[in-house]
Amino acid sequence: MKIIVVGCGKVGTAIVSSLVGEGHDVVVVDNSPQAITEIRDVYDIMCICGNGANFDTLVEAGADSADMFVSVTGSDELNMLSCIIARRMGIEHTVCRVRNPEYNDKSLNFFRQQIDLSLTINPEFLTAQEIFNILKLPAAVNIETFSRGAFELVELILKQDTQIVGMSLAQIKKQVAQSFLVCVVQRGDEVIIPDGKFVLEAGDRIGITAPKSEFQSLLKKMGIVQKHTRNVMILGASTTAFYLAKMLIAGGNGVKIIDKNRETCLKVADLLPQATVINSDGSYQEVLLEEGLSSTDAFLSLTGLDEQNIIISCYASSQNVPKVIAKVNRAELTVMAEKLGLDCVVSPKNTVSDVISRYARALQNSMGSNVETLYKLMDGKAEALEFNVQSDFKYQHILLKDLELRPNILIAGIIRKRKPIIPKGDDEILAGDKVIVIAAGQSLNDLSDIMR
Amino acid sequence: MNFKMVFNTIGKVCNIEAILMILPVITCLIYREWSSLFAFLITMAILLALGTFLTLCLRPKDHIIFAKEGFTIVALVWLLVSAFGALPFVISGFIPSFVDAFFETVSGFTTTGASILDDVEALSHGMLFWRSFTHFIGGMGFLVFVMAVIPNLSDRSIHIMRAEMPGPVVGKIVPKAKDTAKILYLIYIVMTALEFVLLALGNMPIFDSIVLSFGTAGTGGFGIKADSIASYSPYCQWVIAVFMILFGINFNLYYLLLIKRFKPVFKSSELHCYFAVIAVASAAIAINTFKTLSLSIRESVFQVASIITTTGYSTVDFDKWPVLSKSVILVLMMLGACAGSTGGGLKVSRAAILIKTARREFKKLIHPHAINNVRFEDKTVEEETTAGIATYFGLYMVCILAVFLLISFEPFDIETNLSAAISCFNNIGPGLAKVGPSMSYSAYSNFTKLVLSAAMLLGRLEIYPLIIAFTPSTWLRK
Chain F
341 MKIIVVGCGK VGTAIVSSLV GEGHDVVVVD NSPQAITEIR DVYDIMCICG NGANFDTLVE
401 AGADSADMFV SVTGSDELNM LSCIIARRMG IEHTVCRVRN PEYNDKSLNF FRQQIDLSLT
461 INPEFLTAQE IFNILKLPAA VNIETFSRGA FELVELILKQ DTQIVGMSLA QIKKQVAQSF
521 LVCVVQRGDE VIIPDGKFVL EAGDRIGITA PKSEFQSLLK KMGIVQKHTR NVMILGASTT
581 AFYLAKMLIA GGNGVKIIDK NRETCLKVAD LLPQATVINS DGSYQEVLLE EGLSSTDAFL
641 SLTGLDEQNI IISCYASSQN VPKVIAKVNR AELTVMAEKL GLDCVVSPKN TVSDVISRYA
701 RALQNSMGSN VETLYKLMDG KAEALEFNVQ SDFKYQHILL KDLELRPNIL IAGIIRKRKP
761 IIPKGDDEIL AGDKVIVIAA GQSLNDLSDI MR
Chain A
9 MNFKMVFNTI GKVCNIEAIL MILPVITCLI YREWSSLFAF LITMAILLAL GTFLTLCLRP
69 KDHIIFAKEG FTIVALVWLL VSAFGALPFV ISGFIPSFVD AFFETVSGFT TTGASILDDV
129 EALSHGMLFW RSFTHFIGGM GFLVFVMAVI PNLSDRSIHI MRAEMPGPVV GKIVPKAKDT
189 AKILYLIYIV MTALEFVLLA LGNMPIFDSI VLSFGTAGTG GFGIKADSIA SYSPYCQWVI
249 AVFMILFGIN FNLYYLLLIK RFKPVFKSSE LHCYFAVIAV ASAAIAINTF KTLSLSIRES
309 VFQVASIITT TGYSTVDFDK WPVLSKSVIL VLMMLGACAG STGGGLKVSR AAILIKTARR
369 EFKKLIHPHA INNVRFEDKT VEEETTAGIA TYFGLYMVCI LAVFLLISFE PFDIETNLSA
429 AISCFNNIGP GLAKVGPSMS YSAYSNFTKL VLSAAMLLGR LEIYPLIIAF TPSTWLRK
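Protein chains in written order, with the numbering used here: chain F, 341 to 792; chain A, 9 to 486.
These aren't lab readings, by the way, just hints derived from the structure by calculation.
No experiment lies behind these values; they were computed from the predicted model shown.
Do not take every clue at face value.
To be verified - Derived DSSO-like pairs: lysine-lysine, alpha-carbon spacing no greater than 27 Å straight-line:
#, chain 1, residue 1, chain 2, residue 2
1, F, Lys-476, F, Lys-342
2, F, Lys-567, F, Lys-552
3, F, Lys-514, F, Lys-537
4, F, Lys-759, F, Lys-561
5, A, Lys-76, A, Lys-190
6, A, Lys-371, F, Lys-679
7, F, Lys-513, F, Lys-759
8, A, Lys-184, F, Lys-342
9, F, Lys-721, F, Lys-764
10, F, Lys-721, A, Lys-69
11, A, Lys-328, F, Lys-342
12, F, Lys-679, F, Lys-513
13, F, Lys-774, F, Lys-759
14, F, Lys-350, A, Lys-271
15, F, Lys-607, F, Lys-596
16, A, Lys-275, A, Lys-190
17, A, Lys-186, A, Lys-233
18, F, Lys-716, A, Lys-184
19, A, Lys-186, F, Lys-342
20, F, Lys-774, F, Lys-552
21, A, Lys-233, F, Lys-721
22, F, Lys-537, F, Lys-567
23, A, Lys-442, A, Lys-299
24, F, Lys-721, A, Lys-190
25, F, Lys-513, F, Lys-561
26, F, Lys-716, A, Lys-69
27, F, Lys-476, F, Lys-552
28, F, Lys-514, F, Lys-586
29, A, Lys-371, A, Lys-387
30, A, Lys-371, F, Lys-342
31, A, Lys-299, F, Lys-342
32, A, Lys-184, A, Lys-299
33, A, Lys-299, A, Lys-328
34, F, Lys-552, F, Lys-342
Stated by the list, open to error - Short derived list, chain F residues pointing at chain A, Cβ under 8 Å:
#, residue
35, Met-341
36, Asp-384
37, Met-386
Beta carbons are placed, not taken as given, at the ideal position from N, Cα and C, and that holds for glycine.
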């Protein structure tokens with residue numbers, strides 16, 4: 341597919357990286373020659389230096405033959421304008437980044453309909469949503485949802501004193517007596533697709549699928565302690581913090597926001613009367629302690645500085661705050677943060693690039709590929725793919741235990757008539773099913789690719 | 009330095025060269041030339057053995073390459089491909105000396121067309137075919153070909169492409185490097201086939217049409233007759249002249265024509281300059297050497313086209329022309345064709361930007377505070393590009409003079425040596441006086457032949473790749 345991306349800042353580069361990785365033809369438009377020079381050498385793409393809302397520039401970028409248009413420059417207005425022009429030039433699918441909260445209320449719907457946008461993305465809102473989901477299941481470090489929420493894949497890190505550490509998967513299954521599947525385990529740098537004999541160790545990062553409604557009881561039976569989040573402390577009154585606080589307050593949680601800028605604090609206090617807004621410098625440990633860091637259920641560091649977020653989150657962890665989440669934008673810092681013991685890190689730009697590559701997948705799907713959705717797990721080292729089973733699929737009516745799968749492949753879930761099934765050895769794949777496959781270290785394009 | 013990636017790529021290239029030798033093998037079979045056939049088969053076996061060894065034993069863990077690896081791969085590939093391409097000549101005994109054969113093959117791949125053969129017609133058909141086929145591959149670039157046929161050479165193959173494709177700024181015409189290479193080769197092959205058909209329609213023998221089309225397409229210039237193109241009909245001469253000019257045009261423009269964007273093609277400043285130079289030079293030579301109207305126009309246009317595109321075919325011995333015409337030819341040799349074409353030389357766009365930069369410097373002297381941008385192709389040329397072109401021009405002159413000095417101990421006059429240096433460096437082929445169109449380079453010593461081979465490679469790859477590949481710091485862990 342041919343995709344034009346306007347703007348190659350942090351988010352743009354992340355999007356380009358994932359789109360190129362999936363084999364799309366990508367053309368990048370940016371008005372900074374320096375940004376163009378940098379990205380041109382790293383990815384196999386075509387670059388055009390110019391204004392993304394300029395007709396001639398878009399002609400040069402080949403807008404007449406493009407399938408998808410993504411505008412993610414720093415300016416909402418420029419993004420909207422270039423999407424309008426691209427849409428008028430005949431690109432059917434336009435994606436626009438709109439992050440100003442003032443455009444993100446009711447006017448957004450009106451705007452989307454009027455200029456026929458396919459998708460608007462708001463990185464701050466998406467990040468807030470991701471954090472909100474994690475807070476609902478605090479033991480998790482990451483949650484992915486499949487098939488419109490029928491399935492969830494929860495990633496969690498096993499602590500030293502967890503009950504299931506040292507048990508094999510078969511033993512756990514006997515003890516828990518509930519349907520679940522450990523799909524993927526990350527140990528050190530290695531990503532493993534485990535079988536029944538696999539023994540879990542402390543420090544493993546595991547991905548579990550189970551029907552959504554049974555997760556709470558499942559985790560309890562596994563001995564993974566979960567404390568319900570009631571009080572949340574947020575450092576940095578950023579846009580993300582605002583969206584998140586709004587969701588948390590609506591869910592009945594107590595929210596405390598700390599920011600050192602008085603103007604910002606006044607604004608947030610005005611918009612969120614239920615929240616406690618503190619005007620102080622949260623990078624001082626004294627301030628955090630005074631505001632009750634040690635008694636809070638969750639601490640979120642959402643300032644604009646990656647380094648500050650990492651360091652303060654480390655401090656919060658050391659004060660035994662049950663759930664600590666840091667916002668880290670740069671990928672290389674994410675790895676460092678995990679080494680420092682921060683298990684839960686969210687990255688807005690990765691969230692956004694996931695959404696866009698998922699959209700591109702779905703689009704390609706309508707053009708003939710079989711992959712419904714794709715999720716990156718374990719920092720991109722493994723993939724979860726959702727396939728539609730066509731009627732000409734060769735391996736129907738064969739019990740799963742008789743299928744000869746390729747190594748590092750696992751069938752993690754089957755959705756039949758909208759009901760999720762956690763697959764066991766005597767299940768089978770039928771036409772019309774949706775099948776979720778986890779693959780490590782390989783990329784699949786068709787369901788038949790999983791067979792040996 | 010990602011050594012494994014560099015040598016793995018070289019291995020792939022060896023395999024591909026072996027596969028490409030199937031074509032001359034078929035020619036040998038058709039003409040029942042068994043000794044040539046044998047020579048090709050031995051070379052293929054050596055290439056396949058080396059290629060398989062390198063590709064199987066050196067499997068790179070990461071496929072990431074940087075500019076440094078790109079330059080090194082290109083330089084080493086061109087050297088090795090030429091060395092192995094010379095083997096059939098040596099094994100079959102047509103060119104017994106390896107240095108001669110190496111010179112001939114480098115001259116082929118770099119599309120120079122300078123020959124050490126005094127009697128071309130003595131070669132077998134298989135050898136003649138291979139000699140001209142090297143023009144065809146070298147014209148668009150060996151690695152561009154490899155890129156087009158091998159899946160996933162590297163994620164960053166743009167570095168290789170940039171090192172191999174001549175011109176001040178190398179850009180892709182479609183987002184993926186592989187697709188760009190495919191499109192370029194497709195245009196290239198279709199145009200070559202078209203020329204072949206037109207030549208064959210003009211009653212030229214099939215073998216001659218194929219071989220001469222290869223020579224024109226790569227802007228090479230190896231003929232198969234002692235008098236180059238002179239003995240063919242005027243129709244064939246015109247067809248070759250027109251196609252030489254066409255192959256000297258930036259291939260990106262053909263792609264724009266294909267996707268029906270005509271405006272930028274007709275507005276291209278480089279194209280205007282190119283045609284203007286051809287028109288003026290042809291007119292000057294036609295008047296200077298006037299015999300009859302149609303003959304003079306044909307001879308002058310053919311020769312100008314042949315020299316400016318750095319092909320080197322000839323219909324007339326221009327060494328016997330008056331000094332004015334010879335001087336025009338010498339200047340055209342240095343100018344070269346358009347960037348992004350198969351031609352060599354300095355390139356029209358570089359020359360145009362150089363002149364515009366010089367004009368800006370004049371203006372600056374008169375109005376010290378004036379802001380003047382150099383504009384080309386309706387765009388402001390970036391400061392980095394103008395500086396790069398000026399540096400390249402300096403380096404280019406230094407290299408030519410160095411080659412001229414290195415070969416100056418030869419017992420020839422200055423005209424011969426200077427024109428040999430210029431002709432080889434710019435990938436033309438024939439020079440003036442003792443290396444004129446009717447002569448060959450056979451009188452030079454082995455040392456000079458090696459220096460001139462290096463000059464041809466330097467000129468084809470535009471200097472930097474070879475120098476970078478042979479700089480110690482490229483190879484050491486620094």
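Hint check:
1. Lys-476(F) - Lys-342(F): violated, 38 Å
2. Lys-567(F) - Lys-552(F): Since the Cα atoms of Lys-567(F) and Lys-552(F) sit roughly 18 Å apart, the hinted pair holds (cutoff 27 Å).
3. Lys-514(F) - Lys-537(F): holds, 13 Å
4. Lys-759(F) - Lys-561(F): holds, 24 Å
5. Lys-76(A) - Lys-190(A): Distance ~24 Å between Lys-76(A) and Lys-190(A) Cα, so the pair holds.
6. Lys-371(A) - Lys-679(F): violated, 60 Å
7. Lys-513(F) - Lys-759(F): At roughly 21 Å apart (the allowed maximum being 27 Å), Lys-759(F) and Lys-513(F) satisfy the hint.
8. Lys-184(A) - Lys-342(F): holds, 10 Å
9. Lys-721(F) - Lys-764(F): holds, 25 Å
10. Lys-721(F) - Lys-69(A): holds, 16 Å
11. Lys-328(A) - Lys-342(F): violated, 57 Å
12. Lys-679(F) - Lys-513(F): Violated - the C-alpha atoms of Lys-513(F) and Lys-679(F) are around 31 Å apart, more than 27 Å.
13. Lys-774(F) - Lys-759(F): Distance ~10 Å between Lys-774(F) and Lys-759(F) Cα, so the pair holds.
14. Lys-350(F) - Lys-271(A): violated, 35 Å
15. Lys-607(F) - Lys-596(F): Roughly 15 Å between the alpha carbons, so the hint for Lys-607(F) and Lys-596(F) holds.
16. Lys-275(A) - Lys-190(A): holds, 26 Å
17. Lys-186(A) - Lys-233(A): violated, 38 Å
18. Lys-716(F) - Lys-184(A): Satisfied, since the Cα-Cα distance of roughly 24 Å is no more than 27 Å.
19. Lys-186(A) - Lys-342(F): holds, 15 Å
20. Lys-774(F) - Lys-552(F): Holds - the C-alpha atoms of Lys-552(F) and Lys-774(F) are around 17 Å apart, at most 27 Å.
21. Lys-233(A) - Lys-721(F): Violated, at about 62 Å.
22. Lys-537(F) - Lys-567(F): Violated: Lys-537(F) and Lys-567(F) sit about 31 Å apart, past 27 Å.
23. Lys-442(A) - Lys-299(A): Holds. Lys-442(A) to Lys-299(A) sits at ~25 Å (cutoff 27 Å).
24. Lys-721(F) - Lys-190(A): Given that 27 Å is the threshold and the Cα spacing comes to 32 Å, the pair is violated.
25. Lys-513(F) - Lys-561(F): Holds: Lys-513(F) and Lys-561(F) sit about 11 Å apart, inside 27 Å.
26. Lys-716(F) - Lys-69(A): Given pair Lys-716(F), Lys-69(A) holds - Cα atoms ~22 Å apart, limit 27 Å.
27. Lys-476(F) - Lys-552(F): Given pair Lys-476(F), Lys-552(F) holds - Cα atoms ~12 Å apart, limit 27 Å.
28. Lys-514(F) - Lys-586(F): Violated. Lys-514(F) to Lys-586(F) sits at ~42 Å, over the 27 Å cutoff.
29. Lys-371(A) - Lys-387(A): With a Cα-Cα distance of about 19 Å, the restraint between Lys-371(A) and Lys-387(A) holds, given a limit of 27 Å.
30. Lys-371(A) - Lys-342(F): The given pair, whose Cα atoms are some 45 Å apart, is violated under the 27 Å limit.
31. Lys-299(A) - Lys-342(F): Roughly 58 Å between the alpha carbons, so the hint for Lys-299(A) and Lys-342(F) is violated.
32. Lys-184(A) - Lys-299(A): violated, 52 Å
33. Lys-299(A) - Lys-328(A): Holds. Lys-299(A) to Lys-328(A) sits at ~14 Å (cutoff 27 Å).
34. Lys-552(F) - Lys-342(F): violated, 36 Å
35. Met-341: violated, 11 Å
36. Asp-384: Because about 5 Å separates Asp-384(F) from the closest Cβ in chain A, which is inside the 8 Å limit, the hint holds.
37. Met-386: holds, 4 Å
Violation of the numbered hints given earlier is confined to hints 1, 6, 11, 12, 14, 17, 21, 22, 24, 28, 30, 31, 32, 34, 35; the remaining hints are satisfied by the structure.
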